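Trainee: Residues per chain are reported as follows:
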Amino acid sequence: MTAMPDVLPEIDTATTNEKPWRLIVWNDPVNLMNYVSYVFRSYFGFSKEKAEQLMLQVHHDGFCTVRSGSREAIESDVQAMHGYGLNATMTQGA
Amino acid sequence: MAKAFKYGAHGISGTLHSPERKILRELFNDVIVMLEERAEVHQLPEDIDPLYALTGMRPESMDLPEVSDPALARLLPDASDDAVVAAEHRRLTESDLITQKIGALREAAFLMENDKIVLQKPSAQRFAQALNDVRLVLSERLEIRNEDDAARVAEVLDAAEVQTPDEYLALVYNLVSWIQDTLMSALMDAEL
Numbered sequence: 001m002t003a004m005p006d007v008l009p010e011i012d013t014a015t016t017n018e019k020p021w022r023l024i025v026w027n028d029p030v031n032l033m034n035y036v037s038y039v040f041r042s043y044f045g046f047s048k049e050k051a052e053q054l055m056l057q058v059h060h061d062g063f064c065t066v067r068s069g070s071r072e073a074i075e076s077d078v079q080a081m082h083g084y085g086l087n088a089t090m091t092q093g094a
Numbered sequence: 001m002a003k004a005f006k007y008g009a010h011g012i013s014g015t016l017h018s019p020e021r022k023i024l025r026e027l028f029n030d031v032i033v034m035l036e037e038r039a040e041v042h043q044l045p046e047d048i049d050p051l052y053a054l055t056g057m058r059p060e061s062m063d064l065p066e067v068s069d070p071a072l073a074r075l076l077p078d079a080s081d082d083a084v085v086a087a088e089h090r091r092l093t094e095s096d097l098i099t100q101k102i103g104a105l106r107e108a109a110f111l112m113e114n115d116k117i118v119l120q121k122p123s124a125q126r127f128a129q130a131l132n133d134v135r136l137v138l139s140e141r142l143e144i145r146n147e148d149d150a151a152r153v154a155e156v157l158d159a160a161e162v163q164t165p166d167e168y169l170a171l172v173y174n175l176v177s178w179i180q181d182t183l184m185s186a187l188m189d190a191e192l
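Those protein sequences? They're chains V and E, same order as listed.
1 is the number of the first residue of the first sequence in the working numbering; add one for each residue after it.
1 is the number of the first residue of the second sequence in the working numbering; add one for each residue after it.
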């Protein structure tokens, strides 16, 4: 057995308990409703019902939080949404 | 006149006639040129650390300039309201995004060689993406900012009544929208 040294650096709780990031998709008058719905279905693997519900939320409320997760995951979601031409942003916390 | 895209035994197929294909090919190429011009600002200086040159990564100290053309900004929007997060995201991902968009647009332009277009699911998705990028650029030129603007543009349907360049642009926008709409219906049918 080896004794652990007392000088281990303290774990930075700010990075381990980081608040999740949210992916927000914004409404715009250009993207077709069936296109947005299809993107939600094919990219996120959502059911037809869930994809349509989220699409309608974007349409009526002006935006919708599609999902939340680690910064890396949401960053790549934003990039994918921009690839499809959807207006998406990322934000941390509530 | 174009024939709507439909899902069938051989995949997703539709027909576009020569004048429509000519217009679309020009639009795809116009958007490619816009994106290629933006790609030029990504060039790293020649005296940079070879590691950056090798990986294509951009050093933290070299944020990209803002996108000044509003039509280009529709294609390459900010990733966050937070300017620091948006700048970092742009620095790390914009180059890949441009490459991906140009790829889909080139493929779409190439599809305009023949009347009859037959696509499988992945190629149909990329075609839809290219059509969408063209619509985003046209929408900026047509100043479509809200649903009322969209409704105003949607009224322009009769080529015989078109008199101004803006009306012509609206007609083209509606053609591209119609093609994308039928393509999405066919893609939805392919999911069932």
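A hint or two may mislead.
The calculated DSSO-like cross-link candidates involving lysine-lysine, where the alpha carbons are at most 27 Å apart (straight line), are [said to hold, decoys possible]:
| # | chain 1 | residue 1 | chain 2 | residue 2 |
| --- | --- | --- | --- | --- |
| 1 | V | LYS19 | V | LYS50 |
| 2 | V | LYS50 | E | LYS121 |
| 3 | E | LYS22 | E | LYS121 |
| 4 | V | LYS48 | E | LYS6 |
| 5 | V | LYS50 | E | LYS6 |
| 6 | E | LYS3 | E | LYS121 |
Each pair of labels, with its calculated beta carbon distance range [unchecked claim]:
| # | chain 1 | residue 1 | chain 2 | residue 2 | range |
| --- | --- | --- | --- | --- | --- |
| 7 | E | LEU64 | V | GLU18 | 22 to 30 Å |
| 8 | V | THR65 | E | ARG152 | 30 to 38 Å |
| 9 | E | ARG145 | V | SER42 | 33 to 41 Å |
| 10 | V | TRP26 | E | LEU54 | 34 to 42 Å |
I should point out that these hints are in silico values taken from the structure, not numbers from a laboratory.
Every value quoted in this text rests on a predicted model; they were computed, and no experiment measured them.
Note that beta-carbon positions come from the ideal geometry of N, C-alpha and C, so glycine has one too.
Trainee: Lying within 30 to 38 Å: is that true of the beta-carbon distance THR65 (chain V) to ARG152 (chain E)?
Mentor: Once the Cβ atoms are compared, 31 Å apart, the range 30 to 38 Å for ARG152 (chain E) and THR65 (chain V) holds.
Trainee: For LYS22 (chain E) and LYS121 (chain E), compute the direct alpha-carbon distance and say whether it is at most 27 Å.
Mentor: At roughly 24 Å apart (the allowed maximum being 27 Å), LYS121 (chain E) and LYS22 (chain E) satisfy the hint.
Trainee: Indicate whether the distance between the beta carbons of TRP26 (chain V) and LEU54 (chain E) respects the range 34 to 42 Å.
Mentor: holds, 37 Å
Trainee: Between ARG145 (chain E) and SER42 (chain V), does the beta-carbon spacing fit 33 to 41 Å?
Mentor: violated, 28 Å
Trainee: Taking 27 Å as the top limit, are the C-alpha atoms of LYS50 (chain V) and LYS121 (chain E) close enough?
Mentor: This hinted pair holds, its Cα atoms lying about 21 Å apart.
Trainee: When you check the alpha-carbon spacing of LYS3 (chain E) and LYS121 (chain E), does it fall within 27 Å?
Mentor: Between LYS3 (chain E) and LYS121 (chain E) the Cα gap is close to 19 Å, so the pair holds against 27 Å.
Trainee: Taking the CB of LEU64 (chain E) and the CB of GLU18 (chain V), does the distance hold inside 22 to 30 Å?
Mentor: For GLU18 (chain V) against LEU64 (chain E), whose Cβ atoms are near 26 Å apart, the range 22 to 30 Å holds.
Trainee: Is it true that the CA of LYS50 (chain V) sits at most 27 Å from the CA of LYS6 (chain E)?
Mentor: holds, 24 Å
Trainee: Does LYS50 (chain V) lie within 27 Å of LYS19 (chain V) when you go C-alpha to C-alpha?
Mentor: With Cα atoms ~25 Å apart, LYS19 (chain V) and LYS50 (chain V) stay inside 27 Å; holds.
Trainee: Are the Cα positions of LYS48 (chain V) and LYS6 (chain E) separated by 27 Å at most?
Mentor: holds, 19 Å
In this structure, only the earlier hint numbered 9 is contradicted, and the remaining ones agree with it.
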